[in-house]
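S.K.: Each protein sequence line maps, in turn, to chains Z and Y.
According to our numbering, the first sequence is numbered sequentially starting from 1.
According to our numbering, the second sequence is numbered sequentially starting from 1.
The reader is advised that the hints may include incorrect statements.
Stated by the list, open to error - Straight line, CA to CA, 27 Å or less: simulated DSSO-like cross-link-like pairs of lysine-lysine:
1. Z:K41 with Z:K64
2. Y:K2 with Z:K64
3. Y:K42 with Z:K66
4. Y:K70 with Y:K56
5. Y:K98 with Y:K2
6. Y:K2 with Y:K70
7. Z:K14 with Z:K66
8. Y:K42 with Z:K20
9. Z:K64 with Y:K98
10. Z:K41 with Y:K98
11. Y:K2 with Z:K41
12. Z:K41 with Y:K70
13. Y:K110 with Y:K42
14. Y:K42 with Y:K2
15. Y:K42 with Z:K64
16. Y:K98 with Z:K55
17. Y:K42 with Z:K14
18. Y:K42 with Y:K98
19. Y:K98 with Y:K56
20. Z:K41 with Y:K110
21. Z:K20 with Y:K98
22. Y:K98 with Z:K66
23. Y:K98 with Y:K67
24. Z:K41 with Y:K42
Read the hints as simulated data drawn from the structure, not as lab findings.
Source: prediction; values computed, not measured.
Next come the chains, spelled out residue by residue.
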Amino acid sequence: GAVVSQHPSRVICKSGTSVKIECRSLDFQATTMFWYRQFPKQSLMLMATSNEGSKATYEQGVEKDKFLINHASLTLSTLTVTSAHPEDSSFYICSAPPAGGGYEQYFGPGTRLTVT
Amino acid sequence: QKEVEQDPGPLSVPEGAIVSLNCTYSNSAFQYFMWYRQYSRKGPELLMYTYSSGNKEDGRFTAQVDKSSKYISLFIRDSQPSDSATYLCAIGNTGGFKTIFGAGTRLFVKA
Numbered sequence: 001g002a003v004v005s006q007h008p009s010r011v012i013c014k015s016g017t018s019v020k021i022e023c024r025s026l027d028f029q030a031t032t033m034f035w036y037r038q039f040p041k042q043s044l045m046l047m048a049t050s051n052e053g054s055k056a057t058y059e060q061g062v063e064k065d066k067f068l069i070n071h072a073s074l075t076l077s078t079l080t081v082t083s084a085h086p087e088d089s090s091f092y093i094c095s096a097p098p099a100g101g102g103y104e105q106y107f108g109p110g111t112r113l114t115v116t
Numbered sequence: 001q002k003e004v005e006q007d008p009g010p011l012s013v014p015e016g017a018i019v020s021l022n023c024t025y026s027n028s029a030f031q032y033f034m035w036y037r038q039y040s041r042k043g044p045e046l047l048m049y050t051y052s053s054g055n056k057e058d059g060r061f062t063a064q065v066d067k068s069s070k071y072i073s074l075f076i077r078d079s080q081p082s083d084s085a086t087y088l089c090a091i092g093n094t095g096g097f098k099t100i101f102g103a104g105t106r107l108f109v110k111a
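Please model the complete structure; the sequences and the hints are all you need to start from.
M.R.: Rendered as C-alpha cells:
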C-alpha cells in the first residue's frame with residue numbers, strides 16, 4: 001500500500017516559536033493532502049486541505065495565518081505552526097488519497113507537538 | 001447534528017468476545033463506508049470498507065452498511081488483546097474528498 005511519512009514524529013518547542021511539520025507521500029504523487037489535529041481521546045479534526053500549486057483550503061475556525069500550509073510539490077506538504085502556544089500542543093496527522101482518486105486516505109504516523 | 005455519530009466508549013470486553021461497533025450518519029450522498037483502526041500515538045490505518053449497502057467479511061472482521069437506516073457496523077469475532085485500539089468509522093466519496101470521521105470508539109480487549 002501507499003506510504004505517507006511525517007517528520008518529525010515528536011517535537012517540543014517553546015511558546016512563541018514556530019514549528020514546521022513535513023508530510024511526504026513516499027511512493028505516489030499526492031495533489032491533495034489533508035491536515036488533521038487530534039486531541040487526546042478525541043477524533044480527527046480536519047484543519048485544512050492542502051493543494052499542490054495553490055492555496056490551502058482551511059476549515060471554519062482554523063486560523064490560516066497561524067497554521068501555514070505549503071504544498072510545494074506532488075510529494076510534500078508542510079504545516080508550520082507559527083507563534084506556538086501551549087494550547088497548540090496536540091497530535092497532528094496528515095493524509096492523502098491515492099493518486100487518481102479513491103475512497104480511502106493514507107495516513108502519516110502523526111507528529112506530537114508539545115509547546116512549553 | 002454531527003454528520004457521523006459514534007459512541008466514543010470506552011468499550012471493554014474479555015478476550016474471545018464478539019465486539020459490535022456502530023455509527024450512524026445523516027448525509028445519504030456518501031457512497032463509501034470505512035472503518036479505520038488507530039493504535040495509540042499512531043496514524044489511523046484502513047481496516048475495511050464497503051461500497052453502498054451490504055456486508056463485507058475479512059477474517060474475524062465483518063462490516064455492514066444499511067443505507068436505508070444510515071447505520072454502519074463493524075463486528076469483531078474472537079476478539080484478541082491486539083485488537084485493543086480506537087476504531088473510527090468514516091464516510092466518503094471517490095477522490096478521498098470530504099471524508100468524514102466519527103469520534104472513534106476506544107476498545108479494550110482484556111486477556
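S.K.: Quick one: which hint numbers does this structure break? Sort them smallest to largest.
M.R.: none
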